[in-house]
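Q: The listed protein sequences correspond, in order, to chains W and S.
Take any residue in the first sequence, count from 1 to its spot, add 33: that is its number in our numbering.
Take any residue in the second sequence, count from 1 to its spot, add 28: that is its number in our numbering.
Possibly wrong hints are sitting among the right ones.
Computed list of lysine-lysine pairs in DSS-like fashion (alpha-carbon distance at most 30 angstroms, straight line) [what the hints assert, rightly or not]:
no., chain 1, residue 1, chain 2, residue 2
1, W, K35, S, K46
2, S, K46, S, K80
3, S, K68, W, K78
4, S, K47, W, K112
5, W, K112, S, K50
6, S, K50, S, K80
Pair ranges (Cβ atoms, derived) [said to hold, decoys possible]:
no., chain 1, residue 1, chain 2, residue 2, range
7, W, D40, S, T35, 34 to 42 angstroms
8, W, R74, S, L141, 43 to 51 angstroms
9, S, R37, W, P143, 25 to 33 angstroms
10, W, P41, S, S90, 26 to 34 angstroms
Derived by calculation from the structure, the hints in this document are not laboratory data.
Ideal placement from N, C-alpha and C gives every residue a C-beta, glycine not left out.
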Amino acid sequence: RKEVEQDPGPFNVPEGATVAFNCTYSNSASQSFFWYRQDCRKEPKLLMSVYSSGNEDGRFTAQLNRASQYISLLIRDSKLSDSATYLCVVNQGSARQLTFGSGTQLTVLP
Amino acid sequence: ETGVTQTPRHLVMGMTNKKSLKCEQHLGHNAMYWYKQSAKKPLELMFVYNFKEQTENNSVPSRFSPECPNSSHLFLHLHTLQPEDSALYLCASSPGSGANVLTFGAGSRLTVL
């Protein structure tokens, strides 16, 4: 079983749609969780952290379910500029233990 | 310059060549990292340096040789590489090795012929 597993997609959605990505992780000792965004041929950049109680940043909502070892990212009212690969990242205690998922590719269509 | 800068952005080399990748960070961070990103695969951690001391070598073949002369600079020396080493090599930094969030450079795309 992969340590961090994501649906690779691609997800092709029209502008304005709501889209959700899921991620599961295998290590129950994982402590911190993040979503990174990687544009085509660019470097990964932090999108948002994921907190136990769930958190929202504008159109983006992240949720964590520790019991099921599951993380999600919801994007509402999607924009063309949201097109990217979204990486689920799990931290087991220090940056050298960051484990990345393979990413979910999103294309928002006009 | 700001952030994390990597050079060269693109590199093509033969299996017998020797080349180096360079990374420089202007963020005042103390930890620096090398990651490998192959198509459709997760980022793979290669090396970690904290206060210019290597703290992690993730079973990387010896044909990859890192060097960290100070907390702002990181090199990856390459020699006798294989075609399967072709990938995007990403440098990252963080305030310390215990930090949660990494700032990545734009990467060096390597092709080994």
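Q: Are the hints correct? Go through all of them and say.
A: How the hints compare with the structure:
Between W:K35 and S:K46 the alpha-carbon distance is near 34 angstroms, which puts this suggested pair outside the 30 angstroms criterion. Restraint check: the Cα-Cα separation between S:K46 and S:K80 comes to about 23 angstroms, which is no more than 30 angstroms; the hinted pair holds. Of the supplied pair hints, the one linking S:K68 and W:K78 holds, its CA atoms being roughly 18 angstroms apart against a limit of 30 angstroms. Taking the CA atoms of S:K47 and W:K112, the gap is about 41 angstroms. The hint is violated against a cut of 30 angstroms.
Between W:K112 and S:K50, the direct Cα distance comes to roughly 35 angstroms. Violation of the 30 angstroms bound is thereby established for this hinted pair. Restraint check: the Cα-Cα separation between S:K50 and S:K80 comes to about 15 angstroms, which is no more than 30 angstroms; the hinted pair holds. Separation of W:D40 from S:T35 is about 35 angstroms and conforms to the stated range, judged on CB atoms against 34 to 42 angstroms. Restraint check, W:R74 to S:L141: a C-beta distance of roughly 21 angstroms breaks the suggested window 43 to 51 angstroms.
For S:R37 and W:P143, the Cβ-Cβ distance of about 30 angstroms falls inside the hinted range of 25 to 33 angstroms, so the restraint holds. Roughly 32 angstroms separates the CB atoms of W:P41 and S:S90, a value that falls within the hinted 26 to 34 angstroms.
In this structure, the hints that do not hold are numbers 1, 4, 5, 8, in rising order.
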